[in-house]
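Student: Now for the letters of each chain:
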Amino acid sequence: MSQFDILFQPLNINKLTIRNRIVSTAHAEVYATDGGMTTERYVQYYEEKAKGGCGLCICGGSSVVAIDSPQSWWSSVNLSTDRIIPHFQNLANAVHKHGGKIMIQITHMGRRSRWDGENWPNLMSPSGIREPVHRATCKTIEEEEIWRVIGDFAKAAVRAKEGGLDGVELSAVHQHMIDQFWSPRVNKRTDAWGGTFEKRMRFGLEVLKAVRAAVGPDFVVGMRITGDEFHPDGLNHDDMKQIAKFYNDTGMVDYFGVVGSGCDTHNTLANVIPNMSYPPEPFLHLAAGIKEVVTVPVIHAQNIKDPNQAKRILEEGYVDFVGMTRAHIADPHLIAKIKMNQVDQIRQCVGANYCIDRQYMGLDVLCIQNAATSREYMGLPHIIEKTSGVIRNVVVIGGGPGGMEAARVAAERGHKVTLVEKADELGGQITIAAKAPQRDQMAGITRWLAMELTRLGVDVRLGTSANAAMIRDLKPDVCILATGGTPFLEQNPEWGAKEGLVVSTWDILNGTVEPGKSVLIFDSICEFSGMSAADYLASKGSLVELVTEDIKPGVGIGGTTFPTYYRSLYQKEVIMTSDLALHKVYREGDKLVAVLENEYTGQQEERVVDQIVVENGIRPNEALYYELKAESRNKGQIDNETLFDIKPQPVLSEDTKDGKGMILWRLGDCVSQRNTHAAIYDALRLCMHL
Amino acid sequence: MLNAALPWLLAGFLIVLGAGAVRRISLWRAGRPAPVDLIAGLMAMPRRYLVDLHHVVDRDKAMSNTHVATAGGFVASMALILLVHGFGVDNVWLARALLLTTVVMFAGAVLVFRRRLNPPSRLSKGPWMRLPKSLLVFAATFFIVTLPAAGILPDGFGSGILAFVLLAGIVAGLGEMLLGMGWAGPMKHAFAGALHLAFHRRPERFGGGRSTGLKLLDLDTAGDKTLGVAKPADFTWNQLLGFDACVQCGRCEAMCPAFAAGQPLNPKKLIQDMVVGLAGGTDANYAGSPYPGKEVGKAKGSAIEVITEGLVSQETLWACTTCRACVEECPMMIEHVDAIVDMRRFLTLEKGTTPGKGSETLQNLIATDNPHGNDPASRTYWAADQNLPVMADVKEADVLFWVSDGAFDMRSQRILRAFVKIMKTAKVNFAVLGDEERDCGDLARRLGDDATFQSLARRNIEVLKKYRFKRIVTTDPHAFHVLKNEYPDLGGSYEVLHHTRFINELVEQGRLQLNARTGGTVTYHDPCYLGRYNGEYDAPRAVLNAMGIQLAEMERSGFRSRCCGGGGGAPITDIPGERRIADMRMDDIRATGAEVVAVGCQQCTAMLEGVVEPRPEVQDIAEMVAAQLVDVAEPATAREVA
Ligand SMILES: Cc1cc2nc3c(=O)[nH]c(=O)nc-3n(C[C@H](O)[C@H](O)[C@H](O)COP(=O)(O)O)c2cc1C
Ligand code: SF4
Ligand code: SF4
Ligand code: SF4
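If you're matching them up, the sequences are chains Z and G in order.
All residue numbers for the first sequence refer to the UniProt record's numbering, where the first residue is 1 and numbers rise by one.
All residue numbers for the second sequence refer to the UniProt record's numbering, where the first residue is 1 and numbers rise by one.
These aren't lab readings, by the way, just hints derived from the structure by calculation.
Certain hints may be false.
[Stated by the list, open to error] As a list, the in silico PhoX-like pairs of lysine-lysine whose alpha-carbon atoms are at most 25 Å apart:
(1) K225/G <-> K351/G
(2) K155/Z <-> K209/Z
(3) K225/G <-> K215/G
(4) K395/G <-> K15/Z
(5) K427/G <-> K97/Z
(6) K97/Z <-> K424/G
Quick caveat, the model's predicted, so the values are computed rather than measured.
Please work from the sequences and hints to get the whole structure.
Tutor: This is the structure in structure tokens:
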């Protein structure tokens with residue numbers, strides 16, 4: 001008996017028993033290789049979830065059924081060929097071995113893709129209307145092509161079945177071919193495939209009939225739909241209820257997955273994978289509305305991160321299965337930890353959306369905070385085993401995410417670990433990042449690490465500024481420097497940082513500098529710090545202009561995150577200006593004058609403001625490193641060949657008691673500015689062999 | 001003068017002894033009838049005394065020798081005294097033999113005396129402090145008195161003042177030994193003890209046997225019969241007799257976990273209170289440790305007064321974990337647990353005063369066939385991903401895996417899954433009952449609800465009858481005990497194995513290969529229902545050994561293992577004490593320096609894991625084995641079986 005019993009009530013979908021109510025819903029992983037095959041990395045990524053207890057994995061977000069729906073942009077799974085079948089068998093076995101079930105989402109993406117690569121196809125859509133997010137122009141699909149694509153769906157479903165998967169999910173969501181036909185916003189046809197409700201439904205119905213006929217009555221066939229497109233000219237919640245009921249009544253659909261929002265503009269796209277600025281489960285009501293009209297189980301995922309939340313949703317009966325998709329990316333052992341009464345050890349997804357923002361760029365999906373996710377095939381562990389070798393004295397300097405991860409991993413290995421942090425709290429730059437409006441959940445990354453350090457008995461020394469003498473006193477076998485960096489305001493002496501004319505975004509977010517009444521932020525980086533500082537200042541009542549010489553403020557931020565910044569900044573009347581570099585700053589009375597220069601014309605203009613904030617990235621804090629480097633046995637060097645190969649550093653095989661000094665490594669921004677994931681990844685791959 | 005008086009004195013004391021004995025017997029006979037073979041019992045008695053009882057006493061070598069000398073010396077002396085001084089048999093050699101026996105007895109009495117100089121707290125004081133002196137006086141006096149008969153001193157020796165001194169010695173000695181024997185002095189134990197051995201309610205325990213199953217309660221209430229024991233007279237007569245055999249040695253007290261935890265239970269005091277009850281009176285003369293937190297002197301009762309209305313408080317009865325440590329340790333082979341459960345039966349079945357969550361639990365058992373009131377349909381949820389063969393489908397299997405109510409508990413499910421993984425790896429042909437399984441009845445029974453126990457057991461037996469299997473295997477020692485030892489009374493006899501024994505068999509047959517386990521020190525906690533109840537001490541250790549583990553044994557291990565606090569419904573009745581039993585057990589574990597404590601019971605796991613961290617990790621042997629399996633692609637980690 002446990003408070004989470006409801007999560008562990010098995011439930012059938014068609015004849016398939018799912019061991020619990022938690023689902024990893026379809027997401028484009030960007031791991032398929034060899035033309036869309038589910039190879040080693042792919043298999044082990046899902047095996048880990050199954051091992052960790054996940055009830056049902058719906059893999060292969062947006063896996064294509066036909067060659068004219070390109071697969072290579074997002075390395076998605078390719079069901080257009082029989083080559084996939086043996087790969088599916090590997091995948092199915094790996095998941096089934098651990099009691100999990102696995103299905104795949106299949107689709108034809110229609111216009112929601114790119115044509116300028118792979119086979120250079122003409123993209124197709126019901127009425128040839130351009131899709132803005134992918135800048136995708138397309139042709140109007142013809143009757144012959146319609147029937148061919150319907151056939152492709154059926155063949156793909158059979159391949160999934162022959163590969164031993166437990167079912168297929170037809171994607172009729174995120175504006176793929178099926179819901180392109182549904183939506184009057186995109187479907188302007190007047191033939192048998194458009195116009196009336198029934199005609200708009202016809203394509204989906206024919207796909208469903210063909211698939212069902214091909215796979216038989218017992219194989220699971222589900223459908224993922226939106227609960228509301230949130231476009232005035234699109235499908236609203238009532239339309240979606242009507243659609244859901246229509247397909248439900250065919251008796252051919254075994255479950256519905258429901259998500260909120262359409263997806264074919266940047267702004268709606270952000271809703272689909274709600275980042276940390278959203279409240280918990282923002283669109284549950286839409287899924288609950290669909291559940292009212294259908295007779296088969298309903299799955300809903302969108303910002304459900306916490307087992308208590310999942311439990312409440314299930315207990316109140318809104319839906320039958322809870323999708324915890326990013327929650328599983330962040331911690332594939334989520335379910336096992338619930339069962340082992342280790343809920344507070346769950347590495348909870350913080351909604352940083354590093355995963356999905358990479359995916360939209362066609363990069364493999366990675367978690368900002370869990371470097372082992374999807375690297376299982378390389379041997380990166382989710383459970384770190386104790387060493388059977390020598391127990392070392394490990395000293396980590398710097399309690400940011402990299403230093404904390406290093407300390408955590410070393411402590412999990414069983415070493416004696418001391419972590420020294422200058423500030424009075426752990427977290428490093430994450431702590432600063434979390435001070436911005438709507439970004440507070442960032443702190444979840446380091447909060448988890450801090451809790452783990454306590455659990456593992458790491459000796460954490462806060463408010464302690466490390467120096468070489470102190471480190472020598474601690475007599476480390478291994479010393480890891482993760483001392484971070486400092487805002488780089490000196491690059492252009494004309495900015496007047498020395499004279500105190502400009503301040504950094506850290507000064508603003510940390511509150512060390514009072515917000516000015518009118519503020520100019522010059523952001524040469526265009527990622528989070530500048531946007532966050534602007535949002536912060538505006539929320540304190542400052543008049544803010546955010547200026548960059550780059551293409552647009554925030555251009556370096558991914559596709560599901562910049563929209564939520566923009567919503568906030570526009571609402572607070574922040575002016576965003578691009579193509580202007582900060583040339584010079586000078587004081588005039590009690591005001592500051594910023595001289596800005598147009599990147600393309602060289603023309604200068606001036607702004608008279610109370611405060612000037614510069615975001616120009618950071619420079620590494622490396623003084624301590626250079627002080628200790630000479631006396632370390634490895635001269636501070638990390639052997640890249642072994643590091644990249646996930647092998648133990650050669651220096652670890654030496655006996656550290658031989659008087660040749662300690663091992664010295666540095667990682668994170670104290671080497672060069674990268675990001676949280678980079679620091680955590682290095683910490684894990686270095687320390688897992690300690 | 002002495003010579004003339006002695007036979008009369010002896011005769012007189014023997015008559016008084018006889019009268020006392022008759023009275024005592026009549027007290028016992030107030031109890032309910034019990035089927036006992038009197039003749040066979042009497043015939044077996046010497047052997048039971050000399051072998052079985054000696055076996056228990058012999059755990060304390062010094063005490064054993066003391067008792068052999070004193071008791072042996074006394075019995076032999078008494079026989080010779082009757083011959084030499086009673087019937088006046090004039091034989092120097094007899095008299096010299098008597099000298100020898102009194103010397104032996106004296107030597108024993110000196111040891112008793114020495115021990116009483118600084119007695120451990122478990123020993124009762126009061127008249128028991130007088131006993132060694134009486135023994136010395138008895139032995140010394142008869143030694144001197146016998147010297148003339150042995151031809152060592154002249155016949156006329158012992159007149160005048162000396163004669164009075166010796167006479168006083170004789171009266172004092174015989175008084176303690178004979179009068180006390182019949183009239184409730186410390187020596188009562190010899191008389192009652194001997195008969196108790198002869199008429200013991202569990203004769204199977206003698207000759208190395210084991211008898212631990214509770215006796216079936218006759219649920220027929222015709223003729224206003226009370227269910228269970230309300231008053232001392234409701235015990236069977238041989239139970240009453242058993243109480244009288246208590247020597248107040250306090251060995252039970254020293255082993256009792258509830259006593260150590262400061263809960264209001266002391267098994268020795270409880271037995272003494274039963275003695276007060278059977279004879280009528282108060283506990284004012286009790287000179288041992290009290291029930292923790294309860295004053296001595298306030299309890300009173302008689303054979304026909306309700307025990308829990310003045311003699312023993314209900315909490316005392318509900319504090320017991322039924323761990324049998326007292327029974328195991330008792331040199332007089334008294335059956336504390338039977339008595340406690342008998343009294344609980346009355347409280348639960350007649351009064352409905354099961355404390356704590358007791359009533360709720362019993363209601364759940366009645367309504368849902370499981371103690372937590374889980375939806376019966378959820379019994380198989382844990383196995384949704386296990387593809388277990390179910391008896392209803394397969395009808396027949398080598399092994400019937402009795403899952404137990406661990407099925408409802410997430411922690412226990414890890415043990416179950418680990419064991420399934422082991423069986424699958426060893427390709428065991430097994431099946432489960434699935435939804436047809438019910439709680440085995442253990443909890444209901446220990447809580448005194450024999451009606452619910454019998455109902456659950458009968459229905460389980462009905463289900464089991466439908467299928468063919470060679471043996472039952474279970475990871476739950478409580479189910480193991482009940483199925484093995486208590487179902488036969490209801491017509492269900494099976495070969496039942498604990499999973500550790502079964503796993504050990506698989507290892508021995510080469511059907512399971514185990515990797516050596518690396519990592520820290522391991523100790524093993526013997527679950528009461530596996531160890532003391534069923535004598536299974538070796539298999540768990542053998543399995544651990546097969547993984548290359550050298551156990552760091554606890555001081556209290558094997559038959560002296562300390563209960564985890566989880567048995568007998570104690571966590572449900574939840575009687576407050578000063579400490580928690582599980583915490584004390586964890587301290588035992590910590591004392592070994594172990595990083596992991598291996599267990600073989602989900603209840604122990606739950607209790608020990610309830611101890612606040614940091615503490616050693618608790619793992620069922622099945623979990624440890626599942627993590628060391630050779631020949632599986634991946635041994636099961638804790639999270640995987642979660
Ligand atoms: C990296 C990533 C890729 C995704 N790709 C798809 C997709 O291809 N098809 C789809 O239906 N949903 C996709 N989703 C949406 C998820 O299925 C899910 O609805 C979303 O992540 C919200 O659930 P969560 O809050 O539990 O993560 C994707 C999500 C992520 C994080
Ligand atoms: S990257 Fe961020 S949003 Fe994605 S799973 Fe990890 S924590 Fe969650
Ligand atoms: S069975 Fe255990 S708890 Fe109960 S009285 Fe005996 S020793 Fe104490
Ligand atoms: S019950 Fe047994 S162990 Fe306890 S004091 Fe009496 S004789 Fe000793």
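Student: A separate judgement is required for each hint: does it hold in the structure or not?
Tutor: Here is how each hint holds up against the structure:
Between the alpha carbons of K225/G and K351/G the distance comes to roughly 14 Å, so the proposed pair stays at or under 25 Å and holds. With a C-alpha separation of about 12 Å, the suggested pairing of K155/Z with K209/Z holds against the 25 Å cut-off. Distance restraint check for K225/G and K215/G: the Cα-Cα separation of roughly 17 Å lies within the 25 Å cut-off, and the hinted pair is therefore satisfied. Note on K395/G and K15/Z: the hinted pairing holds, with a Cα-Cα distance of about 23 Å set against a maximum of 25 Å.
With a C-alpha separation of about 16 Å, the suggested pairing of K427/G with K97/Z holds against the 25 Å cut-off. Simply put, K97/Z and K424/G have alpha-carbon atoms about 12 Å apart, close enough for the 25 Å limit, and the pair holds.
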